Amino acid sequence: MQYFFEHFAVAVSAISGVLAGKDKRVDLFGVVVLALVTALGGGTIRDLALGCRPVFWIKDPTYIYTGTGFALLAFFVSHLRELPNRLLLIADAFGLALFTQIGLEKSLAMDATQPIAIVLGVVTGVAGGMIRDVLVGEIPLVFRQEIYLYATAALIGAALYVALEWLIPAPSTNRLIGIASILVLRLAAIQWKLTLPILEEDPPPSTPPKD
Amino acid sequence: MQYFFEHFAVAVSAISGVLAGKDKRVDLFGVVVLALVTALGGGTIRDLALGCRPVFWIKDPTYIYTGTGFALLAFFVSHLRELPNRLLLIADAFGLALFTQIGLEKSLAMDATQPIAIVLGVVTGVAGGMIRDVLVGEIPLVFRQEIYLYATAALIGAALYVALEWLIPAPSTNRLIGIASILVLRLAAIQWKLTLPILEEDPPPSTPPKD
Amino acid sequence: MQYFFEHFAVAVSAISGVLAGKDKRVDLFGVVVLALVTALGGGTIRDLALGCRPVFWIKDPTYIYTGTGFALLAFFVSHLRELPNRLLLIADAFGLALFTQIGLEKSLAMDATQPIAIVLGVVTGVAGGMIRDVLVGEIPLVFRQEIYLYATAALIGAALYVALEWLIPAPSTNRLIGIASILVLRLAAIQWKLTLPILEEDPPPSTPPKD
Numbered sequence: 321m322q323y324f325f326e327h328f329a330v331a332v333s334a335i336s337g338v339l340a341g342k343d344k345r346v347d348l349f350g351v352v353v354l355a356l357v358t359a360l361g362g363g364t365i366r367d368l369a370l371g372c373r374p375v376f377w378i379k380d381p382t383y384i385y386t387g388t389g390f391a392l393l394a395f396f397v398s399h400l401r402e403l404p405n406r407l408l409l410i411a412d413a414f415g416l417a418l419f420t421q422i423g424l425e426k427s428l429a430m431d432a433t434q435p436i437a438i439v440l441g442v443v444t445g446v447a448g449g450m451i452r453d454v455l456v457g458e459i460p461l462v463f464r465q466e467i468y469l470y471a472t473a474a475l476i477g478a479a480l481y482v483a484l485e486w487l488i489p490a491p492s493t494n495r496l497i498g499i500a501s502i503l504v505l506r507l508a509a510i511q512w513k514l515t516l517p518i519l520e521e522d523p524p525p526s527t528p529p530k531d
Numbered sequence: 321m322q323y324f325f326e327h328f329a330v331a332v333s334a335i336s337g338v339l340a341g342k343d344k345r346v347d348l349f350g351v352v353v354l355a356l357v358t359a360l361g362g363g364t365i366r367d368l369a370l371g372c373r374p375v376f377w378i379k380d381p382t383y384i385y386t387g388t389g390f391a392l393l394a395f396f397v398s399h400l401r402e403l404p405n406r407l408l409l410i411a412d413a414f415g416l417a418l419f420t421q422i423g424l425e426k427s428l429a430m431d432a433t434q435p436i437a438i439v440l441g442v443v444t445g446v447a448g449g450m451i452r453d454v455l456v457g458e459i460p461l462v463f464r465q466e467i468y469l470y471a472t473a474a475l476i477g478a479a480l481y482v483a484l485e486w487l488i489p490a491p492s493t494n495r496l497i498g499i500a501s502i503l504v505l506r507l508a509a510i511q512w513k514l515t516l517p518i519l520e521e522d523p524p525p526s527t528p529p530k531d
Numbered sequence: 321m322q323y324f325f326e327h328f329a330v331a332v333s334a335i336s337g338v339l340a341g342k343d344k345r346v347d348l349f350g351v352v353v354l355a356l357v358t359a360l361g362g363g364t365i366r367d368l369a370l371g372c373r374p375v376f377w378i379k380d381p382t383y384i385y386t387g388t389g390f391a392l393l394a395f396f397v398s399h400l401r402e403l404p405n406r407l408l409l410i411a412d413a414f415g416l417a418l419f420t421q422i423g424l425e426k427s428l429a430m431d432a433t434q435p436i437a438i439v440l441g442v443v444t445g446v447a448g449g450m451i452r453d454v455l456v457g458e459i460p461l462v463f464r465q466e467i468y469l470y471a472t473a474a475l476i477g478a479a480l481y482v483a484l485e486w487l488i489p490a491p492s493t494n495r496l497i498g499i500a501s502i503l504v505l506r507l508a509a510i511q512w513k514l515t516l517p518i519l520e521e522d523p524p525p526s527t528p529p530k531d
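Chains as they are written, first to last, in our numbering: chain A, 321 to 531; chain B, 321 to 531; chain C, 321 to 531.
These are computed hints drawn from the structure, not numbers from a lab. Among the hints, erroneous ones may be present.
[As the list claims (entries may be wrong)] Lysine-lysine pairs mimicking DSS-like chemistry, simulated, CA-CA at most 25 angstroms apart:
hint : chain 1 : residue 1 : chain 2 : residue 2
1    : C       : K426      : C       : K379
2    : A       : K379      : C       : K344
3    : A       : K379      : A       : K426
4    : C       : K379      : B       : K344
5    : B       : K426      : C       : K426
6    : C       : K426      : B       : K513
7    : B       : K344      : B       : K379
[To be verified] Now the stretches of chain A that chain C is said to cover, found in silico as 3 or more residues with beta-carbon under 8 angstroms:
hint : segment
8    : 349-363
9    : 449-460
10   : 484-495
Keep in mind it's a predicted model, so treat the numbers as computed, not measured. Ideal Cβ placement from N, Cα and C applies to all residues, glycine included.
Make a model of the complete structure from these sequences and hints.
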């Protein structure tokens, strides 16, 4: 079951990697690299930081196969038709929720303290997309208001799981609550355009702008 | 004492990470990530290269707390008033000097050879800022003349410490000399606009081009 | 002999790193960092993923010396005269072939499965150049059609070596065939402008756009 969820998250992330290459004149190789970096980048940074050796996709090459397969599929489908944006946002929210929970639990299993495990859960959820954006020359989407709450949803869900496990240890129930809370928060953020404040360009925001 | 210095360097770097997000429409999450990457990025690359596992901020989460706390503080203060640039440059010079010396000594303690320890000292001092600049879509400041001598100050100070330790082993005195020399060189570079030569756009700058 | 080839590949990659800094107002320090990142970046990612600790250039500092030396040489020569582009493309093709084969064999020696070893061979061959391009604010050249087949040549040569070793184990002969096939494919790609398909901007390229 977990295996299925992980590969689902890899597939969804791979597709988002392919879409990031649009209008950038990226070729088939670039598309596959963007897909794999998006899908495996977060977990790779987590494993390196924790000192897992080798990293997870070295031990089990099926992650590379799933990522490459869905990248090729998305590449060819995107030549035929526009992929529906709404569907992709929902699938991506599932990917965020699953990767965050997987990263959180793996970090706890490797004896990371709870605050660090929360950080590494969020890293697993969002770092792949950050590297993807840097590779196509963009400031990471996850830093910007226009995608609405994203990493924040992962952070709250991960903290909720840790709090519940501390109150009533019940991993399988709490895991579902953690994943569901990330998913609900993320979809609510898209629906109601929930955002974090941004860093102002001009420090005093109350005076009328230059006239 | 060393603990205090390390956290001071983390705080200063975190603030420089926040400032790099200005005019980039980066939100509160992005600001915290930029701060943490700037503050912890150099030491993370050093630990990964040396094979320290896990990396330093996994073992001691207080680095994450200091970085996040000062990032939030800088975020809110920058909404109220302009941060004084001169003060920041001086604080950043302290950060450069302290991180370089910490990275150098940790690498020597992990049995790196002296030349490699010097390289890893400079990496600890400057790599976090390089990742910060890439994340906001800029060519790293440390590559460019306009900040004046920066990595070069770190390189000279680190080499001086290694040379002194080889001549007269006295770690605590030599450490102070190493840190002070980086600080003085960096502040002198700002004061007198000392720079390295740049890569010319047109190789023969005096002769007329091909005719 | 292998030692000579590795240092030759480092030297060539270092020069390509220097050239990437052209017209970017990069100073002497930036030039050396770009050179070292290009020359050592791919092998570093391979070693980190495999869990080799420390990474290869920590154990043997001569890689840093070769990279820095050729970077300085290229920096000063490029002030005097234009470097011949044709020669550089051929030297770079040698670098790609050698690094890929080295990465492939090291990964197999570390008990990576064959598909993963092929992936890590390609990573060793191309990742340094990817980081170089990101540092100067460009989308990696290796993602784009305009350099013609590059990573694909490395992939085919690495797969050929693995297939030959499986059919007739003869490492030293197969190694030469692997390197030669990457070299020939890459030079053929430059000569006849062979490319991979790119991700289309507008999915349906034949129908008139929305009217």
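Hints, verified against the model:
Between K426/C and K379/C, the direct Cα distance comes to roughly 15 angstroms. Compliance with the 25 angstroms bound is thereby established for this hinted pair. Straight-line distance between C-alpha atoms of K379/A and K344/C comes to about 41 angstroms, which puts the hinted pair past the 25 angstroms bound. Between the alpha carbons of K379/A and K426/A the distance comes to roughly 15 angstroms, so the proposed pair stays at or under 25 angstroms and holds. The suggested pairing of K379/C with K344/B is violated, with an alpha-carbon distance near 41 angstroms, which exceeds 25 angstroms.
Taking the CA atoms of K426/B and K426/C, the gap is near 28 angstroms; set against the 25 angstroms cutoff, the hint is violated. Restraint check for K426/C and K513/B: not satisfied, since their Cα atoms lie roughly 46 angstroms apart, outside the 25 angstroms limit. Of the pairs offered as hints, the one joining K344/B and K379/B is violated, with about 33 angstroms between alpha carbons and a cut-off of 25 angstroms exceeded. Here the segment 349-363 of chain A counts 5 residues with a CB under 8 angstroms from a CB of chain C, which clears the bar of 3, and the coverage holds.
Under the rule that three or more residues need a Cβ within less than 8 angstroms of chain C, the assignment of the segment 449-460 of chain A holds, with 4 such residues. Beta-carbon proximity to chain C at under 8 angstroms applies to 0 residues in the segment 484-495 of chain A; the threshold of 3 is not reached and the given coverage is violated.
The structure fails hints 2, 4, 5, 6, 7, 10 (numbered hints given earlier, in ascending order).
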